[in-house]
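Read top to bottom, the protein sequences are chains C and X. Sequential numbering of the first sequence, starting at 0, is according to numbering that gives the first Met the number 0. Sequential numbering of the second sequence, starting at 0, is according to numbering that gives the first Met the number 0.
No lab work stands behind these hints, which were simulated from the structure alone. Only true hints are included.
Taking lysine-lysine and the BS3-like style, the derived pairs with C-alpha atoms no more than 25 Å apart in a straight line are:
1. K175(X) / K40(C)
2. K40(C) / K182(X)
3. K59(C) / K182(X)
4. K72(C) / K40(C)
5. K40(C) / K131(X)
6. K51(C) / K309(X)
7. K309(X) / K59(C)
8. K138(X) / K40(C)
9. K72(C) / K62(C)
10. K436(X) / K65(X)
11. K309(X) / K62(C)
12. K542(X) / K375(X)
13. K72(C) / K138(X)
14. K350(X) / K338(X)
15. K175(X) / K72(C)
16. K59(C) / K186(X)
17. K182(X) / K72(C)
Far from chain C, by Cβ distances over 12 Å, these chain X residues were calculated:
18. K13
19. G415
20. L503
21. G541
Stretch by stretch, here's where chain X covers chain C in the computed footprint (C-beta under 8 Å, at least three residues):
22. 3 to 16
23. 51 to 62
24. 65 to 74
Quick reminder that beta carbons are idealized off the backbone N, C-alpha and C, glycines included.
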Amino acid sequence: MQTHIISLLVEDHPGVLTRMSGMFTQRGINITSLTVSPCEKEGLSRMTVAIKGSESELEKVRKQISNLIEVVKVVDLSEREAIVRDLCLMKVHVKDSEARSEVMQLAESYGAKIVDAVLDAVTLELTEEPERIDRFVDLMRHFGVKQLFRTGVTAIGIGGGLER
Amino acid sequence: MKLSGAEIVVEELKTEGVEVAFGIPGGVLLDLYDVLYKEEAIRHILMRHEQCAAHAADGYARVSGKAGVCIATSGPGATNLVTGLTNANMDSSAVVALTGQVPTSVIGTNAFQEASTFTITMPITKHNFLVKRTEDLPKVIHNAFYIANTGRKGVVLVDLPKDILAGVADVDLHPKETFAGYKPNIKPNQVQIKRVVEILARAERPLILAGGGVISADATTELQRLAEFLAAPVVTTLMGKGAIPENHPFCLGMAGMHGQVYANRAINECDALLALGTRFSDRTTGWQLDQFAPDATLIHVDIDTAEINKNMPVDIPIVGDVKLALLEILKLLAKKSAKKSGSEWEKRIKKMHEACDSCVEEIPREGASVSDILIKELSKILDDDAIVTTEVGQCQMFAAHYYMTRKPRTFISSGGLGTMGFGFPAAIGAKVAAPDKKVVDIAGDGSFLMTCQDLATCVENDIQVVVCIFDNRYLGMVRQWQELFYEKKYAQTGLGITPDFVKLAEAFGCYAERVEKPEELKDALNSAFESGKPAVLDMIVGKEDKVLPMIPPGGGIIGMIGTERCKHI
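Put together the whole structure using the sequences plus the hints.
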């Protein structure tokens, strides 16, 4: 099963999230990640939904979501080239100064920022493509990941044009 | 203009042309009913159960073509509506439901008679609103009707907290709808229309499958014109019954699980299938999709994009209003010459049709059940304009198979949800929408007992509905399946001997009579209509009557069982 990213432009009303997620619930599709935020247009929000499922199943859900009154636009970003980002915040255990410098070196090579540090831990921030974050997290597991937070993906189509 | 929330609601209902509402009041609706009390333009019919209010609004909508309105209080009132609203939405019937809600200050506190109507009804409505400010009411009520009535019609619920109804706001009435993402009026794509016209003009064995969308788009005249121009036979779905007169020479009747054998054969043999306003439900297609129009170019016209390729992969989809699409097709076809009659296909269809008709006419014939005969009798006794509603189960399928529907909006049945108890309250709505027409509910004893308390509504409001109970003291359809597929183990399908339906009806003040033999039906029905009262006819049918032929579970449209009687095909 492939991961699909759907970007929705929706009216900013209470209940829109439930309506949208209900469409997946009815079909027993699990949402792997979801971000909701204001967008460039007042009164509208953008949702980025990542789901795993077969193409035909998703095609049906996508049409039904488009039918929701408060959904203004649905774009399948997996169909086109898109810039996909995920934000990760992670507390990594550092048992000694050797571990700390190793973690800091690796963080630098991945472009992660150190946003907090105490004697036995550093907190790292990385905004990247989800797969690259996966690799970075795997690497940090060698030192001990105490806590991991990810926002889930948000995505935008490439080029200067607007989504269809 | 300064108005209370309740006054705004009633003013907007009037603006939307609402003449009647079916409902039951309650604590949080006192303000609304206080305004309705003085209002003469809106007739309120007090129902005896909220489910019936929803079904009545649904029946009203299907017969009148206007949105039906039902009202229920918060908590249990609203949850009782749920079945009726789901039913209406499944069958794309325009219903606007108004529900009371506890005051906004206590929403979410498990207040007395509180239920989260907004979240409960989200998946069973086309759209719903929870109103949080009195000044939003004009827009919300207007939008509710706009959404219910446009595009693929459906149910819209408006949840009205008590303080919003009681509150006063300075508002402008009659706002315009504003939606960024709802554009319901889709014009059919011209390129696709041209392709369709080419295919239809070339087809040697064209067939039209008409669904409920043809009726709700008021496209029945256009359908008939197209069928006649192409010399193409028409089969319908259950919801499409009435899209073309069933005594029209090109009408093959209903297809599908309990459809006509030759309607299903025609689907199997056609080389171009034009499906109009249908969603290819499994009850229409059967389960062996390779038997469904295997050699045909499949054309699907529907107003709902989400229906395209949902249940049936199609060759040419056209998204748009069926009426507009048919008009476009007819316009382009007019440049070509009409199909000459006398084709092999026409002969084949005619032969099958006549064979089945003669079979239908033979009364009594070998293997005929009392139920078959009663429905055929009803077809003869009732005039073309009479409205028939049905409950769900055997009575419904007997009616679908044997009742001859001659006009659109005269056969009202629960298609998608299959709701027992639907027919009788739907008949109430139908009679209110069309007081000059005869209205008959074709009922089973099991179904009728689920909503029969509304006989009180009929009597109190002088609504003459005649309920014809096919009384076999069984939950007949499930019993039939137990007989055919579960070694006659009739688990929990026997209904015993109670009640005496004649006495029950009389206790409500209705006219009632028992019909022991089919030949007594005509007199009984005439007496019922002449009584001027709501009436119940308790018709004794064969306890083990079966609706046949049928597609068995898992079967395909040419794999019907019980066709021994159809020896001509």
